[in-house]
Amino acid sequence: MTATKAPTERPAKQGAVRRPGDRIFAGSAKGSGIFILVVLAGVAAFLISEAIPALTAPAEDIPGGEGLASYIGPLVLGTLLAAVIALVVATPLAVGIALFVTYYAPRRIAAALGYVIDLLAAIPSVVYGFWGLAVMAPALVPFHEWAAEHLSWLPFFAGPTSASGRTMLTVGLVLGVMILPIISAIAREVFSQAPALHREAALALGATRWEMIRMAVLPYGKSGVIAGAMLGLGRALGETMAVAIILSGGAGATVNLISSSNPSTIASNIALRFPEATGVGVNTLIASGLVLFVITLAVNMLARWIVNRRADFSGAN
Amino acid sequence: MSTATRSASGTSAPQDTVRVERRLSRSATVGLYLAGIALGAGLSALTGFAVTSTVVYGVILGTLAVYVTSRAVEGRRKATDRLVTCLVTTAFGIAMVPLVSLVWTVLSKGLARLDGDFFGMSMFRIVGEGGGAYHAILGTVIITLLATAISVPIGLLTAIYLVEYGTGRLKRGITFFVDVMTGIPSIVAGLFAFALFTLLFGNDFRAGVMGAVALSVLMIPVVVRSCEEVLKLVPNELREASYALGVPKWRTVVKVVLPTAIAGLGTGVTLAIARVVGETAPLLITVGLITGTNLNPFDGRMATLPVFAFYQLTQPGTATQAFLDRAWTAALVLIILVMALNVVARLISRFFAPKTGR
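Residue numbers (my numbering), protein chains in the order written: chain A, 1 to 317; chain B, 318 to 675.
Isolated chain A, as found in the complex:
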């Protein structure tokens, strides 16, 4: 009697048996999850605490002698310029590559081709810097001269051209190559998830392959491409070594892409100045890092929000 009653009563009161092992394991798993959130908050907190001396320091103590805003301002401009060039170059290419791998390449080698594109993502950024300096910059010098001759009415190509090719334009193109695999990986994934019924229906109605893609695949993958582009943008904004090696940065705030006096980017400025910085100089660089952190965080959160919104509606999972 008691033997049958006890088991039915106990679970009703306190659920399944909780062993110490269970509690320790669940607790440590949960603890690690919370720890990650703490680390992210810690990144922000430590950067802020180390940046405060620069925020409160008198303007003439800041490197450059004109205050924090005029020190960081040109760097923000340079960062945005390089990232936007990279994005403009990489996004259409990445979409084309994704379409090629998912719908145009022969089925048997498509996976291998995708893997080859992913190899671009595996190459360390410092090696991209080497390559950009040794190959890309000299190769682009003729284009610089051509642009200065024919496109000088645009403020971006006002000239005078840099003889070495180590300009914002070169940096933007190298960054474009670097973010190409990121955008194309995400675009490939969403394109391949486009509903087979829609695709087959389009083909059955007599659509050509391109019309099928335009009507069934692109509308479905649009938000995925946008999110991928924003993730690529986040990566390009924070890219350090390639920019630090290639760009011969001056200090001027200019949108002229082909001259030798480009503004540097936040990340590369930190990498180049930090090892020798002292006193308030360190705090100033950390403050600029904080600005970079906030920009990339905003871009990434927006991108993730778009991805997640799409996941809720697509019904693919």
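I should point out that these hints are in silico values taken from the structure, not numbers from a laboratory.
Hints should not be assumed to be uniformly reliable.
The calculated lysine-lysine pairs, modelled on DSS-like cross-linking and capped at a C-alpha distance of 27 angstroms, are [as the list claims (entries may be wrong)]:
id : chain 1 : residue 1 : chain 2 : residue 2
1  : B       : Lys549    : B       : Lys566
2  : A       : Lys30     : B       : Lys488
3  : B       : Lys488    : B       : Lys566
4  : B       : Lys395    : B       : Lys426
5  : A       : Lys30     : B       : Lys426
6  : B       : Lys572    : B       : Lys488
7  : B       : Lys395    : B       : Lys488
8  : A       : Lys222    : B       : Lys566
9  : A       : Lys30     : B       : Lys572
10 : A       : Lys30     : B       : Lys549
Stretches of chain B that chain A covers, calculated by requiring three or more beta carbons in the stretch to come under 8 angstroms of a beta carbon on chain A [to be verified]:
id : region
11 : 557-569
12 : 597-606
A virtual CB, placed ideally from N, CA and C, is assigned to each residue, including glycine.
Position chain B relative to chain A; hints supplied.
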């Protein structure tokens, strides 16, 4: 037969006739494209022959030739389709150019110093030729292993929490912020480690562990994401069978779920290591560089391969060529290292995959 009947009433309604479907054969398309490229070569020869302009002119003219012919023969819709095919293939070709060029450049410049000295000597008291990256390679291995030792337990436990325990807001919050963390710029991770250790140990503290912490910030989200995906793939039936035998949940996770997923976990961790092993910026501002060998990650600066490569390239001494050679060889070793890790990751997933029996 149908044409005969139609020709009878043909004069009254000529637009009714069924248009004969004219198509370009595959060989015709390829031939047109090649003709375009040949024309491009000719055009390039007019302005002083160069490979670049040949390819550029050739691709444009080849695409145009296919489009125009197809438009004349097959109609507008088919022509657009062929145009897009050409453009998409070209996009893939363009992406191949930097990859091939990069690998070729690094190989041709890096092979010069890929010798025993490079792996057996440090830069201690070397100002000109000779010397190597012995100290930097060891430094990279030590710091990366330390970062792995920090990241894997935290990342794996978090993934277990997300898959096995997590519910509601906390789970969604962690998933979202782990994704956001993936996008933290590496230099910011370096600044974080610098700020953390500066507050704890004072301004002049430098040690390999700072770099390891910075790399962990970059590595943890990658480990979490890949482990989470793998753990989700473990079939629920296995867990339920284990519970039905009265096994506690934590033993189910440790003895059933993790062994089933071990191949994927190994792959994920290896790819995460490959992701951080080439990171330069955070190590540049935390660990710095020395010329001698320091194997203690808790005291003093250390040399690492990416930072070594960077300084050899940007701050060559009087014997410039020797420094450049060492820089390129370091870059080559770095690429080989990353590629080897990628291959190992694939081998792990192949050889340790669970035997499903299906």
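Going through the hints against the structure:
Straight-line distance between C-alpha atoms of lysine 549 of chain B and lysine 566 of chain B comes to about 16 angstroms, which keeps the hinted pair within the 27 angstroms bound. A distance of roughly 9 angstroms separates the Cα atoms of lysine 30 of chain A and lysine 488 of chain B; the hinted pair therefore holds under the 27 angstroms criterion. At roughly 19 angstroms between alpha-carbon atoms, lysine 488 of chain B and lysine 566 of chain B fall within 27 angstroms of each other, so this suggested pair holds. Pair hint lysine 395 of chain B plus lysine 426 of chain B does not hold up; C-alpha atoms about 47 angstroms apart against a cutoff of 27 angstroms.
Annotation: proposed proximity of lysine 30 of chain A to lysine 426 of chain B is violated, straight-line Cα distance about 49 angstroms (limit 27 angstroms). Distance hint between lysine 572 of chain B and lysine 488 of chain B is fulfilled; the C-alpha atoms sit about 24 angstroms from each other, no more than 27 angstroms. Only pairs whose Cα atoms come within 27 angstroms are accepted, and lysine 395 of chain B paired with lysine 488 of chain B is rejected, the gap being roughly 50 angstroms. The hinted pair formed by lysine 222 of chain A and lysine 566 of chain B fails the criterion: a straight-line CA distance of about 42 angstroms is larger than 27 angstroms.
Between lysine 30 of chain A and lysine 572 of chain B the CA atoms are separated by roughly 19 angstroms; this keeps the pair inside 27 angstroms, and the hint holds. The hinted pair formed by lysine 30 of chain A and lysine 549 of chain B meets the criterion: a straight-line CA distance of about 17 angstroms does not exceed 27 angstroms. Taking a C-beta to C-beta cut-off of 8 angstroms, the region 557-569 of chain B contributes 4 residues in contact with chain A, enough for the three needed, and the coverage statement holds. Closer than 8 angstroms: that is the beta-carbon criterion, and the region 597-606 of chain B has 5 residues meeting it against chain A, so the requirement of 3 holds.
Hint compliance for this structure: hints 4, 5, 7, 8 are not met, and every other hint is.
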